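Protein chains: 2
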Amino acid sequence: MYKAEIKVMLKPGVLDPQGKAVAGGLSSMGYNQVESVRVGKYIEVFLRADSQADAERQVAEMTHRLLANPVIETYQYTLVPVESEEVS
Amino acid sequence: MYKAEIKVMLKPGVLDPQGKAVAGGLSSMGYNQVESVRVGKYIEVFLRADSQADAERQVAEMTHRLLANPVIETYQYTLVPVESEEVS
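Those protein sequence lines, which keep their order, are chains A and B.
Each residue of the first sequence is one higher than the last, beginning at 1123 in the working numbering.
Each residue of the second sequence is one higher than the last, beginning at 1123 in the working numbering.
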């Protein structure tokens, strides 16, 4: 069993209204030292695979096809082997 | 200038409909080896601070007060010093 930790962020330059809203909220709460905020997704995928390489191939493919929109988003992932019992 | 990378996840046991939907989508695309999916938020905050400790105090406080809902969510963050030019 492997756990993939996938971060999906809007590409630099793509407008991020959610990030702007959070920055505005922080500013109105008195956090004036906040310069900018970007909001993305953090996805954990638990999957069975024969090997690290197999898991990596699957994760790269599913991230590109479903989890991220490669036109406007970038992604990074890390893959760690886990014991089955850790799956929530 | 510091960059805080904040991961916000639903606590284990809290129902995650978005994760279930993604898992269903992956399964219907043929990824049958996916066991479970959890979807959270990944937030980057760029902020000015006098020291690492000051930045850490600010990030902990704003995460607890605005970025996460501590009743149902957990969070982790890392803090790295950055050059001002990296802010997007």
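Hints are computed from structural coordinates only; laboratory data are not their basis.
Source: prediction; values computed, not measured.
Be aware that one or more of the hints could be misleading.
Ranges of calculated distance between the beta carbons of each label pair, as one might list FRET restraints [stated by the list, open to error]: (1) A:1202 / B:1192: 23 to 29 Å; (2) B:1152 / A:1135: 29 to 35 Å; (3) A:1186 / B:1183: 33 to 39 Å; (4) B:1152 / A:1154: 28 to 34 Å.
From the three backbone atoms N, C-alpha and C, an ideal C-beta is built for every residue, glycine too.
Taking the beta carbons of residue 1186 of chain A and residue 1183 of chain B, is their distance inside 33 to 39 Å?
-> Given a distance of about 37 Å, which is inside 33 to 39 Å, the answer is holds.
| task | Just tell me: holds or violated, for the beta carbon distance of residue 1152 of chain B and residue 1135 of chain A against 29 to 35 Å? | result | Given range 29 to 35 Å: holds, Cβ gap about 34 Å.
| Taking 23 to 29 Å as the hint, is the beta-carbon distance of residue 1202 of chain A and residue 1192 of chain B inside that range? | holds, 26 Å
Given a hint of 28 to 34 Å, does the C-beta separation of residue 1152 of chain B and residue 1154 of chain A actually sit inside it?
violated, 50 Å
The structure fails hint 4 only (numbered hints given earlier).
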